[in-house]
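*Asks:* This is what each chain is made of:
Number of protein chains: 2
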Amino acid sequence: MNYPSKHIADSVAEFKKLPGIGEKTALRLVLHLLKQETAKVEQFSSVISAMRLGIKFCSICHNVSDADICSICSNTMRDQSMVCVVESLREVIAIENTGVYQGTYHVLGGLISPIDGVGPDELNINSLVKRIQFGEVREVIMALSPTMDGDTTIFYVSKKIQPYNIKVTSIARGVSFGGELEYTDELTLARSIATRLPYESYLVK
Amino acid sequence: MNYPSKHIADSVAEFKKLPGIGEKTALRLVLHLLKQETAKVEQFSSVISAMRLGIKFCSICHNVSDADICSICSNTMRDQSMVCVVESLREVIAIENTGVYQGTYHVLGGLISPIDGVGPDELNINSLVKRIQFGEVREVIMALSPTMDGDTTIFYVSKKIQPYNIKVTSIARGVSFGGELEYTDELTLARSIATRLPYESYLVK
Chain Y
0 MNYPSKHIAD
10 SVAEFKKLPG
20 IGEKTALRLV
30 LHLLKQETAK
40 VEQFSSVISA
50 MRLGIKFCSI
60 CHNVSDADIC
70 SICSNTMRDQ
80 SMVCVVESLR
90 EVIAIENTGV
100 YQGTYHVLGG
110 LISPIDGVGP
120 DELNINSLVK
130 RIQFGEVREV
140 IMALSPTMDG
150 DTTIFYVSKK
160 IQPYNIKVTS
170 IARGVSFGGE
180 LEYTDELTLA
190 RSIATRLPYE
200 SYLVK
Chain V
0 MNYPSKHIAD
10 SVAEFKKLPG
20 IGEKTALRLV
30 LHLLKQETAK
40 VEQFSSVISA
50 MRLGIKFCSI
60 CHNVSDADIC
70 SICSNTMRDQ
80 SMVCVVESLR
90 EVIAIENTGV
100 YQGTYHVLGG
110 LISPIDGVGP
120 DELNINSLVK
130 RIQFGEVREV
140 IMALSPTMDG
150 DTTIFYVSKK
160 IQPYNIKVTS
170 IARGVSFGGE
180 LEYTDELTLA
190 RSIATRLPYE
200 SYLVK
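Sequences listed follow chains Y and V, in order.
Each residue of the first sequence is one higher than the one before, starting from 0 at the first, in numbering that gives the first Met the number 0.
Each residue of the second sequence is one higher than the one before, starting from 0 at the first, in numbering that gives the first Met the number 0.
Read the hints as simulated data drawn from the structure, not as lab findings.
Certain hints may be false.
Partial list, derived from the structure: chain Y residues whose beta carbon lies under 8 angstroms from chain V [as the list claims (entries may be wrong)]:
1. R51
2. I68
3. T75
4. N96
5. V99
6. G102
For every residue, glycine included, the Cβ atom is placed at its ideal position computed from N, Cα and C.
Using the sequences plus the hints, can you model the full thing?
*Replies:* Structure follows, in structure tokens:
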């Protein structure tokens, strides 16, 4: 597409780099910003720039943080003996927003994926092993996607921490609450029969 | 939602202000930017900031421009006696990308809309009248949406320029090329029968 201004063309090109944003959506966003007051657009760009420059990663769990140690790792009210292993920040936010988990996290920064060329060394696995080796961790909860990459990662990580003889669990896999049995895939259904629990366990309290 | 960093929360809030972007999409965009190199994010924000600060509006047609007079109004190869009246920049870009129009534009900056409280004085109508009064305009083509607001605007503008006795036309309204007759609404169908032309007019050359 041709644009009547280089500023418009450049801005559209920048927005198009974002995931899920094509040329038409990019143009819509640019035209929206164009209608805003200069100060508001200035704020938009400065907040985003400050975010990338100012963000820190917690030196313990690798979660994003405004300080060297994140608010979860430094919170003495939380159970520091429980570590929930997640792929990324996204899962930390999702689990935190459920409000039921009182332990800490460990952000791997990805999953082991031979197809995408991601090996264990590119993930924050060694720092997890060190946390277990020198810390007071009693249980590691694997909260990874139930996919091939997720399972490969669970397998690798659990092998690595096996020597320290701590409890390794995984978040439950089964039929979604509110889901319809007839639309559930066969693997999930078959596994959810094999891993059944007393029905009281599933009652929402 | 709670976020582990104020930078993340602020950036999500900024993206959420854009049209069609909710909290989840905003977070996805922020996490994407977080994974990019600092220089790339810096470029993203500076391009957008420069766009809003550097953009000019053509003093003749109100189209966006990098100079005081846009590249269309200053192009002597284009027919300056033909003015296509459009709602916004978006339509200029759409028509320019068809590559068939060789005249100039006039960007109204909106449509007259009693419901939204937009009156004629808030639109670039007086400058259009001046262009006609003091210029060499022979034809004004109304390229506005076939809606109540569009028709109200066409009616108002045509009344305003009536004294100068120039040709006022509208882009054709009818069944879309490639559209199926059975899915066309009745009003379009009825009007397209009433405004029929010799079939040769519609053959794609």
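*Asks:* It remains to establish, for every hint, whether it holds in the given structure.
*Replies:* Status of each hint after checking the structure:
1. R51: holds, 4 angstroms
2. I68: violated, 12 angstroms
3. T75: violated, 17 angstroms
4. N96: holds, 6 angstroms
5. V99: violated, 14 angstroms
6. G102: violated, 15 angstroms
In terms of the numbered hints stated before, the structure departs from hints 2, 3, 5, 6, listed from lowest to highest.
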